[in-house]
Amino acid sequence: MPPASVPSPFLFIFMGAASLLLQIAVLRLLLATFSGNELTIGITLSFWLLYVGIGSALGKRFSRADAFCYSFIVSALFAVPTALAIKLCRSSSWLTPGEATSLAATIIATAVILAPICLILGVQFPLAVSYAGSRNPAGRVYGLESLGACCGGILFTFALASRIDSLELCIVVSLCNVIAATYLGKRKALLSLGFVPLILFFAFRAQVPSVPMRGGATVLSQESKIGEITVVSQGTQSNVYINGQFAYSHPDPQTEERGIHVPMTMHPSPDSLLVIGGSPGCLREILKYTVSCVDFIELDPKLAALSEKLIDAAEGPQFLKDPRVRIVIQDGRRFVKSAAKDAYDMVIVNLPQPTTASINRFYTRDFFREAKSVLRKDGIISIKLLSSSGYMGRSMQIANGSVFNALASVFPNVAVTSQEYGFLFASDAPMVTDAHVLEARFLTRSIPVTYFPSSLFRDAFSSFGVHYVRDRLRLTVPVNTDARPSAYLYNLVLWTEVHGGMWLGHLMRARAWVIVGGIVLFFSLMAFVLFRKKEKTVPFTIFTTGFASLSLSLIAILVFQSLHGYIYEMIGLLAALFMAGVWVGASAARTFHKPFTPLILLDTGLFFLAVASSLLLREPLMPFFVALFAGILCGAQFSAASFTVGSSVAGLLYALDLSGSFIGALITSIAIVPLYGVQAAALIVALIKLASAILLLAFRTFPHNSFYNGVWRR
Amino acid sequence: MSRRDFLKTVGAGILALLLSAAVDAGGKPEQHLTEAMFWRRVE
Amino acid sequence: MEKIVQCELCPNGCILGPGQRSRCRTRTNSDGKLYSLVYGRPCAVHVDPIEKKPFFHFLPGTTAFSIATAGCVLACKFCQNWQISQSKPEDTDTYDLPPAKVISNALAYRCASIAYTYTEPTVFYEYMYDTALAARKERVKNTMHSCGYINERPLRTLSKYLDAANIDLKAFTEDFYSNVCGGRLKPVLDSLVILKEEGIWLEITNLVIPTLNDDAKKIREMCRWIVDKLGRDVPLHFSRFFPHYRLTNLPPTPIETLESARKTALDAGVRFAYIGNIRHEAENTYCPNCKKVLIERTGYVVKGNHVVNGKCRYCNTAIPGVWN
Chain D
28 MPPASVPSPF LFIFMGAASL LLQIAVLRLL LATFSGNELT IGITLSFWLL
78 YVGIGSALGK RFSRADAFCY SFIVSALFAV PTALAIKLCR SSSWLTPGEA
128 TSLAATIIAT AVILAPICLI LGVQFPLAVS YAGSRNPAGR VYGLESLGAC
178 CGGILFTFAL ASRIDSLELC IVVSLCNVIA ATYLGKRKAL LSLGFVPLIL
228 FFAFRAQVPS VPMRGGATVL SQESKIGEIT VVSQGTQSNV YINGQFAYSH
278 PDPQTEERGI HVPMTMHPSP DSLLVIGGSP GCLREILKYT VSCVDFIELD
328 PKLAALSEKL IDAAEGPQFL KDPRVRIVIQ DGRRFVKSAA KDAYDMVIVN
378 LPQPTTASIN RFYTRDFFRE AKSVLRKDGI ISIKLLSSSG YMGRSMQIAN
428 GSVFNALASV FPNVAVTSQE YGFLFASDAP MVTDAHVLEA RFLTRSIPVT
478 YFPSSLFRDA FSSFGVHYVR DRLRLTVPVN TDARPSAYLY NLVLWTEVHG
528 GMWLGHLMRA RAWVIVGGIV LFFSLMAFVL FRKKEKTVPF TIFTTGFASL
578 SLSLIAILVF QSLHGYIYEM IGLLAALFMA GVWVGASAAR TFHKPFTPLI
628 LLDTGLFFLA VASSLLLREP LMPFFVALFA GILCGAQFSA ASFTVGSSVA
678 GLLYALDLSG SFIGALITSI AIVPLYGVQA AALIVALIKL ASAILLLAFR
728 TFPHNSFYNG VWRR
Chain W
31 MSRRDFLKTV GAGILALLLS AAVDAGGKPE QHLTEAMFWR RVE
Chain R
133 MEKIVQCELC PNGCILGPGQ RSRCRTRTNS DGKLYSLVYG RPCAVHVDPI
183 EKKPFFHFLP GTTAFSIATA GCVLACKFCQ NWQISQSKPE DTDTYDLPPA
233 KVISNALAYR CASIAYTYTE PTVFYEYMYD TALAARKERV KNTMHSCGYI
283 NERPLRTLSK YLDAANIDLK AFTEDFYSNV CGGRLKPVLD SLVILKEEGI
333 WLEITNLVIP TLNDDAKKIR EMCRWIVDKL GRDVPLHFSR FFPHYRLTNL
383 PPTPIETLES ARKTALDAGV RFAYIGNIRH EAENTYCPNC KKVLIERTGY
433 VVKGNHVVNG KCRYCNTAIP GVWN
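Residue numbers (my numbering), protein chains in the order written: chain D, 28 to 741; chain W, 31 to 73; chain R, 133 to 456.
Just so you know, the hints here were simulated from the structure itself, not pulled from any lab data.
Predicted model, so just to flag it, every value in this text is computed and none were measured.
Where is the CB? At the ideal position from N, CA and C, for every residue including glycine.
Among the hints, a few may not be true.
[What the hints assert, rightly or not] Part of the chain R face toward chain D, derived, beta carbon under 7 Å:
hint, residue
1, Y250
2, N381
3, L382
4, P386
5, I410
6, V433
Given the sequences, and given the hints that come with them, work out the whole structure.
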C-alpha cells in the first residue's frame with residue numbers, strides 16, 4: 028500500500044547512490060581478481076544488468092507493504108559476503124598459481140557471485156515505484172535514482188576513491204542501508220541487524236588473503252584510484268601487481284637496463300627526457316647518463332609513492348633529491364598536451380600493452396602527434412610492443428602493425444628491432460640502426476652496467492631479424508587512432524587467444540556475408556518477439572534508447588579524449604553530467620499530459636543528437652553537450668514511456684532499458700568503434716533511433732490509454 | 031509481424047549463413063599432405 | 133574395416149578416425165593413412181647464434197640455420213612460442229622450403245649447422261629426418277632443441293643423423309608435467325637416456341619458474357639423476373623465466389634462485405652448469421680442473437675460446453663437447 032503522503036525524495040536518491048557504490052565496489056574487486064580489461068568489464072556489466080533486469084521484472088510479485096523496507100535489509104546482508112566471495116575466488120585451487128584466469132572461469136565465477144546481490148538491487152526498483160505512489164511514480168523514481176547515482180559517482184571519484192578499499196565501501200553502504208530500512212520501517216529493532224555485516228567484516232577481513240601468487244609474502248595491499256596494488260616479496264625481489272596482474276619486479280636490473288640503454292643509445296646525445304610510466308629502476312639507469320632533466324610521469328599517486336619507497340630502499344634517497352629528476356603525478360596525455368614545445372630529446376613510453384582502451388591512448392596516431400610537438404628536431408620516441416620469438420602470429424601482427432602504422436603516419440623514420448626485443452623507435456631525423464655503430468656509441472659513453480651486454484645490439488639489430496619484423500608489420504592495414512583504436516581491439520583478440528580460444532579472432536575475420544546473415548537472423552527474432560503485437564513498440568523504444576544512451580556516452584568519452592588528449596578525471600564528470608541530464612529529463616517529462624507524442628519527438632531528438640555528434644566531432648565542448656543532452660532525452664523518454672504504459676510494468680521497462688544499455692556498451696566499445704570508428708558508431712545510433720521513431724509514428728493512432736491498460740495488465 | 035514474414039526472414043538469414051559457409055569452403059587453402067613415418071592401423 | 137590409425141611418434145599416441153587431427157595439430161588421418169601437414173612448410177626461419185639454442189659445447193661462435201613449423205606435442209602454460217606451438221599449420225603464414233632448399237640456404241648463410249627448434253621438432257619429424265639426411269651428405273651438422281617427448285623407435289631412427297640435442301627437462305615432478313605442460317615426465321627421462329646411449333651430444337635446459345619448480349630439494353634430486361644416469365659431462369642450463377602466454381602473473385626468476393640452483397648442480401657433481409636468459413658470469417665455460425675461463429660469452433657472443441683440440445689450453449684437461 029502506498030503511503031498517503033508522497034515520500035521523501037532523499038530515500039530514492041540514497042537508493043541510487045547506494046546501488047552505484049556497491050556496483051563500483053564489486054566491479055573493482057572483480058577487476059582485481061580477473062584480468063581488468065574492457066572485455067571483463069563487459070562481462071561483469073552484462074551479468075549485472077541481466078540480474079538487475081530479472082530482479083526488476085520479478086519485483087512486482089512482492090506485494091507486502093513493507094517489502095521495500097526489507098529490500099534494504101537484504102541488500103545490507105548480502106553486500107559483504109559478495110565481496111568476501113570474490114576475494115576468496117582468487118586463492119581457490121582451480122588455477123595454477125600465477126596463471127591468468129581463463130575466460131570461461133571468469134564468466135562462471137562472475138555469473139555465480141553476482142546473482143544474489145544484483146537480483147536484490149533489481150527487485151528494489153519496482154518496490155520503490157509502488158512505494159512512491161504519486162502520479163507517474165516510475166518516472167519519478169527513475170529520475171531520482173539517477174540523481175543518486177550521479178551523486179554516488181561524484182562522491183566516489185572525488186572523495187572515496189583511494190581513501191577506503193572496496194570491502195570497507197561495502198560495509199559502509201551496508202550500514203547506511205540498515206539505517207535507511209530503520210527509517211522506512213519505523214522500528215528501531217532493525218538497527219541491530221547492522222551487526223551481521225559488521226561481524227562478518229571484522230571476522231573475515233584479515234582471513235581472506237589477497238594473493239596473486241603463492242610462495243611469496245604479501246607485504247603491501249592497498250587500493251588506489253586506478254585499482255588494487257599488491258606487493259609480494261620473494262627473497263630480495265619485490266613483485267608489484269596492479270589489479271592482480273603482474274606489473275614489474277624490483278630490483279630487476281636486467282629488465283631495467285635493457286629497457287633504458289637500448290633507447291638511450293639510439294640518440295646521439297640524449298639530454299632532456301620524458302619517461303611515461305614504468306618501474307622506478309628506470310630512473311637509476313637514466314641518471315647514469317649526463318642528462319640535464321628527466322620528467323617521470325605516473326598517473327597514480329599511490330603507485331608513485333610505492334616507486335619512491337622502492338628506490339629509497341634499494342638505492343638510498345639521493346635519487347629522489349636529484350635536481351634533474353621531476354616526478355609528475357598526472358595523466359601522461361594531459362602532461363604531453365601542456366608541455367613546452369621542443370622540450371625533449373627522448374620520450375620513452377614504458378607502459379603495458381594496449382589491452383585496455385585507456386592504455387591504448389598512448390599508442391595512437393593522435394598521441395604520437397602530440398609527442399612529436401614536444402620532441403626536438405632530432406628527438407626520438409621509444410615504445411615497446413609485445414615481443415615474440417620465432418614467429419609472429421597474425422593477431423599480434425595486426426596489433427603491433429597498427430601501432431607501427433600510427434608511428435609511420437606521424438614520423439618519417441621508424442626503426443624496429445628483432446622480435447625478441449619489441450622496441451619501436453621513431454624520429455623526424457634519420458636514426459642510426461647499424462649494430463656496430465650503436466655498440467661503439469654505447470661503449471664510448473662507458474655506462475656502468477651489470478646485465479647489459481653491449482653485444483645485444485648485434486642481436487637486436489641483426490638484419491635478418493629487423494627485416495622479418497618490418498616485413499611482417501608493414502603488411503598491416505589498420506592505423507591505431509583515438510577515434511578508431513584498432514590496436515586495442517587486436518590486443519583483445521590476442522588476449523582471448525591466450526585465455527579462452529579463437530572466437531573473437533574468428534569474429535573479426537568473419538566475412539561480410541556471415542555478419543549480414545547474423546544481423547538478419549537477430550533482428551527477425553527480435554522483431555518477432557517485440558512486434559508480434561504492434562503495441563510493444565514502446566518497450567522497443569526504451570530498449571533502443573538504452574542502447575543510444577550508453578553508445579552516446581561512450582562516444583562523448585572517446586571524443587573528449589581525442590580532442591583534449593586525456594580522460595582520466597573526466598570520465599566521472601561526463602558520467603555525472605549524463606546522470607544529471609537523466610534526472611532533469613525525467614522530472615520534466617513527468618507532467619506530460621499526453622506522453623505518446625513527446626515519445627516520438629524525443630526519439631527524433633535523439634536521432635538529431637546522434638547525427639549532430641557525428642558532425643561536431645571537432646568542437647571542443649561537444650562531449651559535454653552530448654553527455655548532457657543524451658541524459659535529458661533518455662530520462663524524459665523513460666519517464667514518458669512509463670507514464671504511457673502504466674507503472675505496473677515499470678520493472679519490465681527498466682529491464683529493457685538496462686539490456687539496451689548493456690548491448691550498447693558492449694557492441695560499441697569492443698566492436699563498432701574499434702572496427703569502424705566513432706563517426707560510424709554515432710550514425711548507427713542515429714539509424715536505430717530513426718527506426719524507432721518511425722515505428723512509433725506508425726502506431727500513434729492507437730487510443731493509448733485504454734489500449735495499454737488492456738494489454739499490460741495481466 | 032506475421033508468422034509467415036517471420037519464417038521468411040529466418041529463411042533469408044540461414045541462406046546468407048549457408049552462402050558464406052560455401053564461400054569459405056571454396057577459399058580454403060589446400061593442405062600439403064606427406065605420408066607420416068611412424069603409425070599403425072588400429073584393427 | 134574401420135580406417136582408424138594410431139600415431140606412434142610421441143607418447144601421446146593419438147588414435148585418429150578419418151579426418152581427425154592429432155593433438156599436436158600437424159597430423160591427420162586421411163582415408164586410413166596418417167599424413168603430416170607441415171612437411172617442407174616452416175613458418176619460422178632464422179639464422180641464430182648456436183648459443184641461442186642454447187648449445188655451449190657445440191661449435192661455439194657459429195650460426196645455426198633454424199627452422200620450425202606450427203604445432204607442439206605439449207601445451208606448456210609458459211610457452212614463449214605459443215603463437216606457433218599452439219596453432220594449426222593452416223593458421224600460420226608459411227614458407228615453401230623443402231629439405232634441399234634448407235641445405236642450400238644454410239650453406240648460403242654460412243651456417244655450420246641446422247637447428248630444428250622454437251616449437252617441438254617431433255611434430256615435423258619427417259621433414260626433420262629428410263633434411264637431416266640431406267644435410268649429413270653436405271657435411272652440415274644437425275641439432276635439435278626438443279622437449280624429449282618422443283617414442284624410442286623414432287628417436288633411435290633419427291639419432292643416425294643427429295649431431296646434438298638440447299632437451300628441456302622442464303621439472304623433476306610428474307605433477308608439474310601433468311598440470312603445467314599436459315604431458316608426463318617419464319618419457320622425457322627415457323629419451324635423455326636413449327640419446328646418451330646413441331652417442332648424441334647432449335645438453336639439458338631447465339627453466340626455473342618461481343613457485344612452480346624452484347624447490348631446491350627437487351632440483352638437487354634432478355641433478356643427482358642426471359649425474360647418475362647421464363654422467364657428469366652433460367651441460368645443464370638453468371634459464372631465467374619471464375612471464376609468457378598464460379603464466380603472465382608470475383614474476384621473473386630472482387637471480388639468487390638461479391645462482392643457488394647452479395650451486396646445487398655443481399655440488400651434485402655436474403661439471404658444467406650455466407645460467408641462461410640473463411647476462412651472468414655463469415654464462416662462461418670454466419675448466420673443471422684449473423677453474424680458468426675457457427669460453428667467455430656475453431649474451432650470444434663468444435668473446436674468447438681457449439678450448440684447443442677439445443682440451444683446456446692451460447691444463448690440457450679434456451673438455452667434453454663437439455669442437456670442430
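Exercise. Out of the numbered hints, which ones does the structure contradict?
Worked result: none
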